[in-house]
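Order-wise, the sequence lines are chains A and B.
The first sequence begins at 1 in my numbering and counts up one residue at a time.
The second sequence begins at 1 in my numbering and counts up one residue at a time.
Calculated from the structure, these hints are not laboratory results.
There's no promise every hint is true.
All copies of an identical chain are treated as equivalent in the list; a pair is satisfied when it fits inside any one copy or across any two copies.
DMTMM-like, lysine to aspartate or glutamate: derived pairs with alpha carbons at most 25 Å apart [claimed, not checked]:
id : residue 1 : residue 2
1  : K126      : D213
2  : K371      : D61
3  : K126      : E200
4  : K126      : E20
5  : K371      : D396
6  : K371      : D77
7  : K371      : E272
8  : K126      : E218
9  : K126      : D95
10 : K371      : E20
11 : K126      : D243
12 : K126      : E103
13 : K371      : D297
14 : K126      : D209
Since the structure is predicted, the reported quantities are computational estimates derived from the model, not experimental observations.
2 protein chains.
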Amino acid sequence: MSDRPRAVVVVTGSELVRGERTDRNGPFYAREALSLGLDPERIVIVGDDPGDLESALRSADGADVCLVSGGLGPTHDDRTVELVARVARAPLRVDPELESRIEAVSRAAAERLGRPYADFAPGVTKQATVPEGAVVVGIAGTAPGLVVAGERTVYVVMPGPPGELRRLWPAAVASDPLRQVLARATPPERRVLRFYGVSESAVARALADAGGDGAGVEVTICARDFEIHVDFVVEPGAGERADVLAASFVEPLRRYLFTEDQRTVAEIVLGECRARGLRLATAESCTGGLVAARLTDVPGSSDVFVGAVVAYANEVKVTQLGVPESLLAAHGAVSAEVAAAMADGVRRLLGVEVGIAVTGVAGPAGGMEAKPVGLVHFHVSTQEGGRGGELSLPGDREAIRARATVAALHLARRVLAQSRHEVV
Amino acid sequence: MSDRPRAVVVVTGSELVRGERTDRNGPFYAREALSLGLDPERIVIVGDDPGDLESALRSADGADVCLVSGGLGPTHDDRTVELVARVARAPLRVDPELESRIEAVSRAAAERLGRPYADFAPGVTKQATVPEGAVVVGIAGTAPGLVVAGERTVYVVMPGPPGELRRLWPAAVASDPLRQVLARATPPERRVLRFYGVSESAVARALADAGGDGAGVEVTICARDFEIHVDFVVEPGAGERADVLAASFVEPLRRYLFTEDQRTVAEIVLGECRARGLRLATAESCTGGLVAARLTDVPGSSDVFVGAVVAYANEVKVTQLGVPESLLAAHGAVSAEVAAAMADGVRRLLGVEVGIAVTGVAGPAGGMEAKPVGLVHFHVSTQEGGRGGELSLPGDREAIRARATVAALHLARRVLAQSRHEVV
Numbered sequence: 001m002s003d004r005p006r007a008v009v010v011v012t013g014s015e016l017v018r019g020e021r022t023d024r025n026g027p028f029y030a031r032e033a034l035s036l037g038l039d040p041e042r043i044v045i046v047g048d049d050p051g052d053l054e055s056a057l058r059s060a061d062g063a064d065v066c067l068v069s070g071g072l073g074p075t076h077d078d079r080t081v082e083l084v085a086r087v088a089r090a091p092l093r094v095d096p097e098l099e100s101r102i103e104a105v106s107r108a109a110a111e112r113l114g115r116p117y118a119d120f121a122p123g124v125t126k127q128a129t130v131p132e133g134a135v136v137v138g139i140a141g142t143a144p145g146l147v148v149a150g151e152r153t154v155y156v157v158m159p160g161p162p163g164e165l166r167r168l169w170p171a172a173v174a175s176d177p178l179r180q181v182l183a184r185a186t187p188p189e190r191r192v193l194r195f196y197g198v199s200e201s202a203v204a205r206a207l208a209d210a211g212g213d214g215a216g217v218e219v220t221i222c223a224r225d226f227e228i229h230v231d232f233v234v235e236p237g238a239g240e241r242a243d244v245l246a247a248s249f250v251e252p253l254r255r256y257l258f259t260e261d262q263r264t265v266a267e268i269v270l271g272e273c274r275a276r277g278l279r280l281a282t283a284e285s286c287t288g289g290l291v292a293a294r295l296t297d298v299p300g301s302s303d304v305f306v307g308a309v310v311a312y313a314n315e316v317k318v319t320q321l322g323v324p325e326s327l328l329a330a331h332g333a334v335s336a337e338v339a340a341a342m343a344d345g346v347r348r349l350l351g352v353e354v355g356i357a358v359t360g361v362a363g364p365a366g367g368m369e370a371k372p373v374g375l376v377h378f379h380v381s382t383q384e385g386g387r388g389g390e391l392s393l394p395g396d397r398e399a400i401r402a403r404a405t406v407a408a409l410h411l412a413r414r415v416l417a418q419s420r421h422e423v424v
Numbered sequence: 001m002s003d004r005p006r007a008v009v010v011v012t013g014s015e016l017v018r019g020e021r022t023d024r025n026g027p028f029y030a031r032e033a034l035s036l037g038l039d040p041e042r043i044v045i046v047g048d049d050p051g052d053l054e055s056a057l058r059s060a061d062g063a064d065v066c067l068v069s070g071g072l073g074p075t076h077d078d079r080t081v082e083l084v085a086r087v088a089r090a091p092l093r094v095d096p097e098l099e100s101r102i103e104a105v106s107r108a109a110a111e112r113l114g115r116p117y118a119d120f121a122p123g124v125t126k127q128a129t130v131p132e133g134a135v136v137v138g139i140a141g142t143a144p145g146l147v148v149a150g151e152r153t154v155y156v157v158m159p160g161p162p163g164e165l166r167r168l169w170p171a172a173v174a175s176d177p178l179r180q181v182l183a184r185a186t187p188p189e190r191r192v193l194r195f196y197g198v199s200e201s202a203v204a205r206a207l208a209d210a211g212g213d214g215a216g217v218e219v220t221i222c223a224r225d226f227e228i229h230v231d232f233v234v235e236p237g238a239g240e241r242a243d244v245l246a247a248s249f250v251e252p253l254r255r256y257l258f259t260e261d262q263r264t265v266a267e268i269v270l271g272e273c274r275a276r277g278l279r280l281a282t283a284e285s286c287t288g289g290l291v292a293a294r295l296t297d298v299p300g301s302s303d304v305f306v307g308a309v310v311a312y313a314n315e316v317k318v319t320q321l322g323v324p325e326s327l328l329a330a331h332g333a334v335s336a337e338v339a340a341a342m343a344d345g346v347r348r349l350l351g352v353e354v355g356i357a358v359t360g361v362a363g364p365a366g367g368m369e370a371k372p373v374g375l376v377h378f379h380v381s382t383q384e385g386g387r388g389g390e391l392s393l394p395g396d397r398e399a400i401r402a403r404a405t406v407a408a409l410h411l412a413r414r415v416l417a418q419s420r421h422e423v424v
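Next comes chain A alone, as it looks inside the complex (with noise of 0.2 Å):
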């Protein structure tokens, strides 16, 4: 518990509290809400049962924010604004201004589908109609975002689609009353600390030797694509114990740490191209693109990321990349000298300084003896020569190729940080 102004989330749909899909503005919600020095203390997915609903937004009343998404349509089952303005006690009212705006949106969209407007007319009432002093920070289609301050409460009202929500977010925060609640919230200032090639648990064992979390530094130790993502939450005044705390804690991991930043590898591979002048391509069996496909996620990389040969039949390792047929009979694809050859292929066939193969045995079938499912092997090569490594990687064939993806940048990482170390 901390004494920061607290929020509960409150996130309706039906496709959502089934599991159809995966809520996105939850999180989203909390992130910024933790940023801006609220405390967030409960996400409640629920459908749009009103009942349901009703109850989740009562469970909030007490906290200092209600956080809402979804149910602002302009049918009778999207009942949000209608049920926050009972909870808040504010009686429901037409607001003009509002009404002309929607009307207007509506109005182009009636012609548009060549419909008449009066099919619209009542949801475009039903949409206008908010709880009285409620603060309107725009519409996403026809739907309104809306700020309302209740008794104890204040509601920020918000569409469902995750875009529309990102994009309205901005004004809500502005708004008078969330103004005023985030006037008593101080801003913890976040750490970041990112490790690969060691587990959670030697992670949190360091921690706990480091004297462990807590006294103003709220610590989270959070396993995320095959990294450990550490974040450190330090409340005003603990500055000095969070730098004594993470410096200590640090110590026994230095070899696993890769940034203290929001940097991916991605970035970070290309950016120590970047700043080398060096240009990069992949060659990949069993991940399928997904390396070139991380690189290439990043804006900007067309810099440094040439290409990739995507060289999943053996044929095509040959053909393209010049894997010996030899080498190929002798050790099979899945293979520490493959894995090289397929490096120094791509980097002669596309002209690049810095070539990463992948090639594995992503399953479920494929798999032998001597080469079970999870078998990959990595290489990366560059001027100064190559290095390789091999993974038996756990689970299922979308977890080993995620898996092999992250192992693949990281070893380039390796590869860029060592040599240019030795050059120095």
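Using the hints provided, position chain B relative to the given structure of chain A.
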């Protein structure tokens, strides 16, 4: 509201309630509950504050089933079992058989880590302390999965790691207390319809025009991965009404319907090729390998999918795919002409019958007035000819790339379906 037994999901984890990680257990539990004939009413996510967790568990009191995950670790912060015992009014006691199982795991871990077992002993006793009468359904690491029959509510308590929870879940479903609840539940019939190329609102309108859902047929319309997925949940006895509704609903949308089962578009494309002995390759620019990754995500894709060339730099388009430099100069890399040359080029280069090509402006930089961010050209080349397509996609880099990937696969699906009919 239905008369199905009600299920409430309670998920605990500080990183989840802070939005640092997206919960996967809530949606899993909800989907499973629904398919077993339960009514998933609410998903609540709380941190490790015991007050918050207890009140979340109390809010489930009265539901038939409460599905819980997380907070089962060996330390004092992990209080789920203790709080479930309190809410279920079951006294805690050490289960000697469970204790010896956990001890064996911990002794092995102590040895592996070179630490004294005494460090682990308190955790072992803590994790073997369970509500009286609890059914132990398995252990994950040292954490037991439990089923606890309260006075009105059956609690299923599972470890937080999603893979472990999924592994132990079947044993929980088979446990006596849960079977007694499930005996009162009739699993609904599910029907799936998937559309591409039509808006969510047009699908919603078609449903309303067909009479809408209700009377034992619940319909969810959900835009997912740029497709529109429509799920029918049909209560026992409402099968005929579902047939009539589905037939009249699908009628105006038939040209957009691409499957009535759970197959993904990648599976459909691979299946169509496989049935006709065709092999497949991709040539990708802005998607950077995502189309290949999506295809190779399907187990067994290697008999159809041969490989890919990610031609991110123009020189790779020229040297590998044989796109004429004059074509690039005349039309630019993002053009119908270059997409066609890429598709033909990869087909020739890798010696396959079907080539899929994508080239576009993913942004955020690189847009121009004539070729703005979001413009993407597609081409599918087959032995019988080719077909191109062009889209202006909204959203950020990630959304544009994801949507272009799906669009490329759907173009291939349509080309393959059409050429099949032409051959017949």
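Identical-chain pair category, K126 with E200, by Cα at 25 Å: between (50 Å within a copy, 21 Å between copies)
Status of E218 relative to K126 across identical chains (alpha carbons, at most 25 Å): between (45 Å within a copy, 24 Å between copies)
Within, between, both or neither: how does the pair K126, E20 come out at a Cα-Cα threshold of 25 Å? This pair counts as neither: shortest intra-copy Cα distance 28 Å, inter-copy 36 Å.
Alpha-carbon proximity between K126 and E103, which holds within one copy, between copies, both or neither at 25 Å: Answer is within; shortest intra-copy Cα gap is 11 Å, inter-copy 62 Å.
Are the CA atoms of K126 and D209 at most 25 Å apart within a copy, between copies, both, or neither? between (59 Å within a copy, 21 Å between copies)
25 Å Cα threshold - placement of E20 relative to K371: For K371 and E20, neither the intra-copy (37 Å) nor the inter-copy (37 Å) Cα distance is at most 25 Å.
Given identical chains, is K371 near D61, meaning Cα to Cα at most 25 Å, within a copy, between copies, both, or neither? neither (58 Å within a copy, 51 Å between copies)
Measure nothing new, just compare the shortest in-copy and cross-copy C-alpha distances for K371 and E272 to 25 Å and report within, between, both or neither. Neither: 34 Å inside a copy, 31 Å across copies.
First find the shortest C-alpha distance between K371 and D297 inside one copy, then the shortest across copies, and answer within, between, both or neither for a cut-off of 25 Å. Classified as between: cross-chain Cα gap 20 Å, same-chain 31 Å, threshold 25 Å.
For K371 vs D77, is the C-alpha pair at or below 25 Å within one copy, between two copies, both, or neither? neither (55 Å within a copy, 41 Å between copies)
Measure nothing new, just compare the shortest in-copy and cross-copy C-alpha distances for K126 and D95 to 25 Å and report within, between, both or neither. within (10 Å within a copy, 58 Å between copies)
One pair to classify: K126 and D243, alpha carbons no more than 25 Å apart. Within, between, both, or neither? neither (54 Å within a copy, 33 Å between copies)
Violation of the numbered hints given earlier is confined to hints 2, 4, 6, 7, 10, 11; the remaining hints are satisfied by the structure.
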